[in-house]
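Visitor: Could you build all of it, start to finish, from the sequences and the hints given here?
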Amino acid sequence: MHTNLSRHDLARARLRLLQMHFEAGVGHIGGNLSALDLLMVVHHELMRPGDAFVLSKGHSAGALYVTLWTLGRLDDEALKTFHRDDTLLAAHPPPAGLADVMFATGSLGHGLPLSCGLALSRKLRGEEGRVWCLMSDGEWNEGSNWEALIFARQQGLANLTAIVDLNGLQGFGTTAEVADLRPLATKLRDFGWDVEEVDGHDAAAVAAAGRREGAAPRAILATTTKGRGVSFMEDRMEWHYLPLTADLYEQAVREVRAAADLPSATAG
Amino acid sequence: MRNAFCEAMVGVAEKPEVAFLTGDLGFMALEPLRDALGRRFINAGVAEQNMVGVAAGLARAGWRPWAYSIAPFIYARPYEQLRNDVAMHALPVTLVGNGGGYGYGVMGATHHALEDYAAVLALGGIRVLVPAFDSDVAGAVASILGQSRPAYLRLGLDGAPKDFERPPFEPWRRLIAGEAATILVCGPLAGGLVGAIRDLPQERRPSLWLVSELPYGELPEAFLADVAATPHLVVVEEHVATGGVGERLARDLLLRGVPPRRFTHRHALGYPSGRYGSQAFHRRECGLDPAAILATLG
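Protein chains in written order, with my numbering: chain A, 4 to 271; chain B, 2 to 299.
Don't read these hints as lab results, they were simulated from the structure.
No residue lacks a Cβ here, since even glycine has one placed at the ideal position from N, Cα and C.
Any given hint might turn out to be false.
To be verified - Restraint ranges, calculated between C-beta atoms of paired labels, are given here:
id, chain 1, residue 1, chain 2, residue 2, range
1, B, 33, A, 89, 48 to 54 Å
2, B, 125, A, 207, 44 to 50 Å
3, A, 94, B, 148, 31 to 37 Å
4, B, 107, A, 182, 35 to 41 Å
To be verified - Stretch-level coverage of chain B by chain A, calculated; a stretch enters the list once three of its residues show a Cβ under 8 Å from a Cβ in chain A:
id, region
5, 35 to 45
6, 53 to 62
7, 84 to 92
Guide: Next up, the structure:
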């Protein structure tokens with residue numbers, strides 16, 4: 004198991020995400036922090052030419068934009084427009100204008116069927132590429148995902164991998180309180196998928212799970228922490244919504260830097 | 002029209018980008034298409050939301066996917082997939098709804114599609130094709146494939162007399178010339194009207210126009226000339242008034258400053274008696290049968 008991503012790389016992405024949200028004065032940061040490591044691993048470690056990525060949890064668009072920034076696909080000028088008037092970087096991915104965004108998402112339960120279509124295309128044409136779909140855990144309340152589970156198995160879409168960001172919190176409660184699907188792994192296995200459970204903040208483990216291939220569609224259930232890396236946000240539902248104050252932003256930056264042994268200079 | 006549709010699709014099956022998804026429908030009808038397309042014919046199961054999402058994914062990868070079901074099941078159940086996945090991205094997915102309007106007759110209200118093209122057109126950027134005759138279907142399929150845009154194909158039952166010489170598929174066609182009135186019809190209701198109008202003496206015949214693609218774009222000059230020259234414009238459609246052809250046409254004529262002298266709109270009314278029956282029964286209940294339509298001409 005290895006990854007070329009260092010904890011400094013991940014911390015820098017986390018700091019850039021905090022900066023972008025702070026400058027924009029917007030919320031939705033908790034689910035972005037939980038998904039960021041997964042997005043970084045998928046884009047830096049797993050995706051190859053011919054692969055496709057679909058962000059089914061569209062509310063983590065900020066983390067996707069920052070990941071694209073780490074790849075040089077978006078620049079600082081673009082990130083400055085996040086959430087502002089006349090931007091392409093809306094809070095949820097746009098349908099057009101960004102070459103790396105295949106689909107507008109934001110309404111949950113769309114990404115997996117779309118990914119099935121991309122995977123089916125590759126299979127019908129005998130193409131090599133794999134399809135990666137990042138989903139939330141609350142999203143499994145949506146029936147369309149269960150339709151897609153059946154379809155992917157029936158069509159033998161072994162080139163499809165769904166990564167589920169299991170942060171345990173959804174819109175108005177914990178996933179256990181709102182619609183308890185535990186254990187999700189058992190349910191997905193019963194639908195004929197290969198399932199692997201990993202620590203979603205262990206980049207090497209996520210990368211290793213992603214590299215494995217089998218005969219069935221795969222789900223990587225990645226346990227994560229909403230608000231990961233910022234003590235006052237971790238596992239707090241309000242950070243699905245709240246914007247950062249200046250004091251809290253500075254505290255968040257200090258914590259992320261300290262955890263990664265980065266010098267306490269300005270963010271970025 | 003389902004068999005004509007199957008034949009038309011078999012005719013384009015050699016195009017390698019064509020793929021066909023069905024929501025578990027087509028038994029005793031689509032087998033020839035299944036055989037022609039092979040692995041590109043996919044029974045997606047009774048799961049229309051996923052089916053339309055998959056179709057959008059295929060289209061994003063360069064395919065021309067068709068997704069087929071009974072009309073209400075193909076546009077209403079997966080409406081958000083049509084809105085977000087297909088329309089927002091202008092992907093060339095075609096939804097095919099069999100049995101538009103009251104086509105499924107006594108199967109009942111859940112199987113009818115009375116507001117389908119209003120709902121689809123409201124999203125913008127989607128072409129709606131409504132063949133009136135079996136002979137229209139191949140032309141409609143070719144027209145859809147001729148443009149890289151989302152489309153909804155509303156199939157029905159060809160009701161024209163056997164000996165009627167059906168003109169080639171076009172968005173606008175004048176089926177019968179006359180001076181007593183102007184009738185604009187959308188879809189297979191045209192067939193019954195053709196039969197009834199032919200029985201009228203020449204001086205009592207209305208001009209019968211058929212529109213087969215929505216939104217219909219520019220109004221043909223010859224149609225506007227008929228509206229101006231006749232005392233009464235009647236719009237007929239097996240669809241609710243809201244968002245239908247009649248509303249659109251009334252607005253367009255007002256915007257052009259050429260309102261008709263008299264305007265009648267005959268359209269689906271739902272279930273006035275609360276009873277169910279054949280397609281003909283429901284049409285009669287709504288005054289959509291040929292005799293009732295011609296009675297409006299006075």
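Visitor: Decide, hint by hint, whether the structure agrees.
Guide: The hints, checked one at a time:
1. A C-beta distance of roughly 52 Å is found between residue 33 of chain B and residue 89 of chain A, which places it inside the suggested range of 48 to 54 Å.
2. For the hinted restraint 44 to 50 Å between residue 125 of chain B and residue 207 of chain A, the CB-CB distance of approximately 47 Å keeps it satisfied.
3. Checking the proposed 31 to 37 Å range against residue 94 of chain A and residue 148 of chain B shows it holds: the Cβ atoms sit about 33 Å from each other.
4. Between residue 107 of chain B and residue 182 of chain A the C-beta distance comes to about 39 Å, which sits within the given range of 35 to 41 Å.
5. Requiring three or more residues with a Cβ within less than 8 Å of a Cβ of chain A, the coverage given for the region 35 to 45 of chain B holds, as 4 such residues are present.
6. Three residues within the 8 Å Cβ limit are the bar, and the region 53 to 62 of chain B against chain A gives 10, so the coverage statement holds.
7. Remark: the region 84 to 92 of chain B is confirmed as covered by chain A, as 4 of its residues place a Cβ nearer than 8 Å to a Cβ of that chain, reaching the required three.
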